[in-house]
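Residues in the sequence shown are numbered from 260 upward in steps of one, following the numbering used here.
A hint or two may mislead.
[As the list claims (entries may be wrong)] Computed Cβ-Cβ distance ranges for the label pairs, DEER-style:
(1) 262 with 365: 33 to 41 Å
(2) 337 with 443: 20 to 28 Å
(3) 266 with 427: 24 to 32 Å
(4) 402 with 364: 22 to 30 Å
(5) 277 with 365: 18 to 26 Å
(6) 342 with 266: 16 to 24 Å
(7) 289 with 339: 46 to 54 Å
(8) 333 with 402: 36 to 44 Å
None of these hints come from the bench; they were simulated from the model. C-beta: ideal position from N, C-alpha, C; glycine also.
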Amino acid sequence: MELMVDWWLFVPAVLLLLFPGECLMSSDIELLSYDRMGNRSAAVKRRRWVYVRWLDPLRAFGGAFALKVSLPLTTDLWHYLPGKEYGVFVAILIVGMIVQLPTRREEGALLSPLGYAMGVMFAVVPWPVAGVGLIAGLTTLIAFRHFGSFFGFAAVGAALVGLLFQVAVIWLLPAVCLMLIPLIAALMTGRALEAPVPAEEKS
Numbered sequence: 260m261e262l263m264v265d266w267w268l269f270v271p272a273v274l275l276l277l278f279p280g281e282c283l284m285s286s287d288i289e290l291l292s293y294d295r296m297g298n299r300s301a302a303v304k305r306r307r308w309v310y311v312r313w314l315d316p317l318r319a320f321g322g323a324f325a326l327k328v329s330l331p332l333t334t335d336l337w338h339y340l341p342g343k344e345y346g347v348f349v350a351i352l353i354v355g356m357i358v359q360l361p362t363r364r365e366e367g368a369l370l371s372p373l374g375y376a377m378g379v380m381f382a383v384v385p386w387p388v389a390g391v392g393l394i395a396g397l398t399t400l401i402a403f404r405h406f407g408s409f410f411g412f413a414a415v416g417a418a419l420v421g422l423l424f425q426v427a428v429i430w431l432l433p434a435v436c437l438m439l440i441p442l443i444a445a446l447m448t449g450r451a452l453e454a455p456v457p458a459e460e461k462s
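The task is simple: from the sequences and hints, build the whole structure.
This is the structure in structure tokens:
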């Protein structure tokens with residue numbers, strides 16, 4: 260059976276999703292764990308514009324949404340779901356998330372793709388479910404001061420609310436699993452998840 264694809268949407272979607280987040284960062288950006296972010300000067304903290312931080316959610320949402328439409332995946336029922344198209348959809352999302360993690364800026368670190376992960380989740384599951392996941396992730400991030408907690412609890416929060424409101428499993432399952440990839444990668448490699456921030460100016 261031939262794959263049904265709208266190439267005009269598919270190609271841009273793949274480019275958006277598979278583009279490494281590290282390539283969006285300029286030379287004046289450094290990576291820090293959540294704990295280390297508190298030990299910074301007030302002047303640096305006010306410099307909030309980091310390209311990867313603001314562009315990642317937008318390009319991830321746009322890429323995932325365009326990918327879903329291009330295949331096209333319009334049903335919530337397993338019985339009517341086109342298997343090949345769904346497999347391509349999930350595979351690209353998984354590869355896209357994995358591609359965001361590696362970084363050469365700091366040895367022993369992984370890039371923490373918070374914005375990318377939430378952008379994909381908002382495109383795949385209903386916004387209220389993704390919103391609860393975002394709130395759960397941010398709350399535990401502040402409480403535990405570790406980026407891994409964001410991904411773990413965002414996945415749990417979205418899963419619980421999604422099951423409560425009977426969100427289609429074909430969309431809820433990949434969204435939750437994608438959110439867990441950075442946490443699993445950090446645990447398996449022993450590397451710390453770190454986020455991009457403006458670098459301190461050297462005197």
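A quick look at each hint next to the structure:
The beta-carbon spacing between residue 262 and residue 365, approximately 40 Å, falls within the hinted interval of 33 to 41 Å. At roughly 25 Å, the beta carbons of residue 337 and residue 443 sit within the given window of 20 to 28 Å. Distance hint for residue 266 and residue 427: a CB-CB separation of about 26 Å, consistent with the stated range 24 to 32 Å. For the pair residue 402 and residue 364, the supplied restraint of 22 to 30 Å holds, since their beta-carbon distance comes to about 27 Å.
Against the hinted window of 18 to 26 Å, the Cβ-Cβ separation of residue 277 and residue 365 comes to about 23 Å, which satisfies the hint. For the hinted restraint 16 to 24 Å between residue 342 and residue 266, the CB-CB distance of approximately 20 Å keeps it satisfied. Between residue 289 and residue 339, the C-beta spacing of about 48 Å keeps the proposed range 46 to 54 Å intact. The supplied range of 36 to 44 Å is met by residue 333 and residue 402, whose beta-carbon atoms lie about 39 Å from each other.
When the structure is compared with the earlier hints, no violation turns up for any of them.
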